[in-house]
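Novice: Generate the whole structure from the sequences, applying the supplied hints.
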Amino acid sequence: MKKPNIAVIYFPGNNCEQEALNAVLASGMDGKIVRWNQRKDIENYHGYVIPGGWAYEDRIRAGVIAAKDPIFKIIKKEAEDGKPVLGVCNGAQSLVECGMIPGLKDKVEMALAPNKNPFISGYYCTWVFIRSEQEKNSCVFTKFTDKNEIITIPIAHGEGKYVTRDKDLLQKLIKNKQIIFRYSTKDGKVEDKFSTNPNGTTYNIAAICNKKGNVMAIMPHPERASFVRQLPDITQIKNNAIGRISEEEKPAPARKMFESMKKYIEEEII
Amino acid sequence: MPKTVEMVVGLKVPDTTAITALQTLQKLGFNKIKDVRRTFYYKFSVDGDLEDFKNKISKVDILVNANKHTFDFEIKSKDYIPILVKNIDDDGNGLLSTLKNRLGFINLKKAESGVLWGLLINAEEKESRKIADKAAKDLLVNENYQEFMIL
Chain C
1 MKKPNIAVIY
11 FPGNNCEQEA
21 LNAVLASGMD
31 GKIVRWNQRK
41 DIENYHGYVI
51 PGGWAYEDRI
61 RAGVIAAKDP
71 IFKIIKKEAE
81 DGKPVLGVCN
91 GAQSLVECGM
101 IPGLKDKVEM
111 ALAPNKNPFI
121 SGYYCTWVFI
131 RSEQEKNSCV
141 FTKFTDKNEI
151 ITIPIAHGEG
161 KYVTRDKDLL
171 QKLIKNKQII
181 FRYSTKDGKV
191 EDKFSTNPNG
201 TTYNIAAICN
211 KKGNVMAIMP
221 HPERASFVRQ
231 LPDITQIKNN
241 AIGRISEEEK
251 PAPARKMFES
261 MKKYIEEEII
Chain E
271 MPKTVEMVVG
281 LKVPDTTAIT
291 ALQTLQKLGF
301 NKIKDVRRTF
311 YYKFSVDGDL
321 EDFKNKISKV
331 DILVNANKHT
341 FDFEIKSKDY
351 IPILVKNIDD
361 DGNGLLSTLK
371 NRLGFINLKK
381 AESGVLWGLL
391 INAEEKESRK
401 IADKAAKDLL
411 VNENYQEFMI
421 L
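Going down the list, the protein sequences come from chains C and E. According to the working numbering, the first sequence is numbered sequentially starting from 1. According to the working numbering, the second sequence is numbered sequentially starting from 271.
Calculated from the structure, these hints are not laboratory results. Backbone N, C-alpha and C fix where the C-beta goes; we use that ideal spot for every residue, glycine too. Careful, some of the hints might be misleading.
[Said to hold, decoys possible] Here's a subset of chain C near chain E, in silico, CB distances under 8 Å, partners left out:
{"hint": "1", "residue": "P12"}
{"hint": "2", "residue": "R59"}
{"hint": "3", "residue": "I65"}
{"hint": "4", "residue": "L104"}
{"hint": "5", "residue": "K105"}
{"hint": "6", "residue": "V108"}
{"hint": "7", "residue": "A113"}
{"hint": "8", "residue": "P114"}
{"hint": "9", "residue": "K116"}
{"hint": "10", "residue": "I120"}
{"hint": "11", "residue": "S121"}
{"hint": "12", "residue": "V163"}
{"hint": "13", "residue": "T164"}
{"hint": "14", "residue": "R165"}
[As the list claims (entries may be wrong)] SDA-like mimics (lysine to any residue), calculated; alpha carbons at most 20 Å apart, straight line:
{"hint": "15", "chain 1": "C", "residue 1": "K107", "chain 2": "E", "residue 2": "M271"}
{"hint": "16", "chain 1": "E", "residue 1": "K356", "chain 2": "E", "residue 2": "E417"}
{"hint": "17", "chain 1": "E", "residue 1": "K356", "chain 2": "C", "residue 2": "V108"}
{"hint": "18", "chain 1": "E", "residue 1": "K356", "chain 2": "C", "residue 2": "G200"}
{"hint": "19", "chain 1": "C", "residue 1": "K68", "chain 2": "C", "residue 2": "E109"}
{"hint": "20", "chain 1": "C", "residue 1": "K107", "chain 2": "E", "residue 2": "I401"}
{"hint": "21", "chain 1": "C", "residue 1": "K105", "chain 2": "E", "residue 2": "K404"}
{"hint": "22", "chain 1": "C", "residue 1": "K167", "chain 2": "E", "residue 2": "D359"}
{"hint": "23", "chain 1": "C", "residue 1": "K189", "chain 2": "C", "residue 2": "R131"}
{"hint": "24", "chain 1": "E", "residue 1": "K356", "chain 2": "C", "residue 2": "T164"}
{"hint": "25", "chain 1": "E", "residue 1": "K407", "chain 2": "C", "residue 2": "D58"}
Specialist: Okay, here's the thing in structure tokens:
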């Protein structure tokens, strides 16, 4: 069977493209880092990952210059045809700034605003817990994730607070089952307070998908939690594996997002 | 009664953000926009001697670094349409606290900050303001967390 082939789209200033590609390859897909100006044949890929970093140095606003790049017109068209698109951190910011997330209207409906937490302003980097909000299979990236499953995952951003001025939008997102992951405690309790909610984001939102479920913007980094060796020592799974290379190279829970992407492509795209 | 002081801080070196904004706007079809400038904007409410405050605030390295910044206490837009962008939920308390508690500006009552864009537009005044409004909405501002004002 033909392997899914993923384009990891690199914009000047990104810095997570190699980790994203590693997660793609480890999940059993083929992939390539494709520069923003190599648009020729981009539509031949089966799916797209927009990695994290600081595209265009976050000039004006995080993700906005990348969002205006012509390559996004092609990606948007391919997503409308059903191909999966995963935007991580800065990639998530671009998906929001180009209107693909939440994608209910043909305009920018949300923003990823500067973090707000009581102790630290600006960039914040730590390990957090996110809870899966939807039933398995509800979106392209959760085919192997149970509802209420907790995933240990890192965040590293200065602008991760999902906000909107549309008073009805949150209810629409809940009703449409577009909120895929929310920040929670280790036990899965969603508390709207620091440090459970690390950046003051609305409704503890960590990841949102479009209505169709094939485009997801996630602020935490699944590619940095795709191998057991990447997890912090405090996690049971890492603790059990320390000192045994074969165990440390095994997949960590966040890799399921990439494996889910693979399964979807095999079932629906190829 | 506190008095108001506005301060704009610009870069001595070429501002790559302003250049990127210009290039992006032109790619988006704003061909009448010929130049973009950007400065940091501060507004302070101060008790006491204003000249003394201005003298001191312009020497605070966190706002003005004499090696790379220029500053002014009035907005000189000349032919540029000025657009002031602020984050809606930035109450300025972080900046106020730093200046007051750490740097000794005890007469400071309130501090606000934002980004002041300047657009040089090749059009009549009325059309220029319309273009500036659209450029703000299409690129310079995300109204889900920011607000803007064309001055």
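Novice: Each of the hints needs a verdict: does it hold here or not?
Specialist: To see whether the hints hold, each was checked on the structure:
1. Given the 8 Å rule on beta carbons, the hint for P12(C) is violated: about 10 Å separates it from the nearest Cβ of chain E.
2. The restraint placing R59(C) at the interface with chain E holds, with a minimum CB-CB distance near 4 Å, inside the 8 Å limit.
3. Satisfaction of the interface hint for I65(C) is found here, the shortest Cβ-Cβ separation to chain E being roughly 6 Å, below the 8 Å cut-off.
4. At about 13 Å, the closest approach between the beta carbon of L104(C) and any beta carbon in chain E exceeds 8 Å, and the interface hint on this residue is violated.
5. About 12 Å separates the beta-carbon of K105(C) from the nearest beta-carbon of chain E, more than 8 Å, and the hint is not met.
6. With a least beta-carbon distance of about 6 Å to chain E, the hint placing V108(C) at the interface is held under the 8 Å criterion.
7. A cut of 8 Å between beta carbons decides the hint on A113(C): the least distance to chain E is about 4 Å, and the hint holds.
8. Contact between P114(C) and chain E, as hinted, is supported at the beta carbon level, the nearest pair being about 7 Å apart and thus within 8 Å.
9. Satisfaction of the interface hint for K116(C) is found here, the shortest Cβ-Cβ separation to chain E being roughly 7 Å, below the 8 Å cut-off.
10. Restraint check, I120(C) versus chain E: the minimum CB separation of about 11 Å is more than 8 Å; hint violated.
11. Interface hint status for S121(C): upheld, as the beta-carbon distance to the closest one in chain E is roughly 6 Å, under 8 Å.
12. For the restraint placing V163(C) at the interface with chain E, the shortest Cβ-Cβ distance is roughly 5 Å, inside the 8 Å limit, so the hint holds.
13. Hint status for T164(C): holds, given a least beta-carbon distance of 5 Å to chain E, under 8 Å.
14. Using the Cβ-Cβ criterion of 8 Å, the hint placing R165(C) at the interface with chain E is satisfied: the shortest such distance is roughly 5 Å.
15. A threshold of 20 Å between alpha carbons decides the hint, and for K107(C) with M271(E) the separation of about 44 Å lies outside it, so the pair is violated.
16. Restraint check for K356(E) and E417(E): the C-alpha separation of about 6 Å stays at or below 20 Å, so the hint holds.
17. About 18 Å separates the Cα atoms of K356(E) and V108(C), which keeps this hinted pair within 20 Å; it holds.
18. Between K356(E) and G200(C), the direct Cα distance comes to roughly 19 Å. Compliance with the 20 Å bound is thereby established for this hinted pair.
19. The suggested pairing of K68(C) with E109(C) holds, with an alpha-carbon distance near 15 Å, which does not exceed 20 Å.
20. Distance check on the hinted pair: K107(C) and I401(E) sit about 19 Å apart at the alpha-carbon level, within 20 Å; holds.
21. Restraint check for K105(C) and K404(E): satisfied, since their Cα atoms lie roughly 19 Å apart, inside the 20 Å limit.
22. Only pairs whose Cα atoms come within 20 Å are accepted, and K167(C) paired with D359(E) is accepted, the gap being roughly 16 Å.
23. A C-alpha spacing of about 8 Å is found between K189(C) and R131(C), which places the hinted pair at or below 20 Å, so the restraint holds.
24. This hinted pair checks out: K356(E) and T164(C) have alpha carbons roughly 16 Å apart, not beyond 20 Å.
25. Proposed proximity of K407(E) and D58(C) is supported: the alpha carbons are some 18 Å apart, at most 20 Å.
In the structure shown, a violation is registered for the earlier hints numbered 1, 4, 5, 10, 15, in ascending order.
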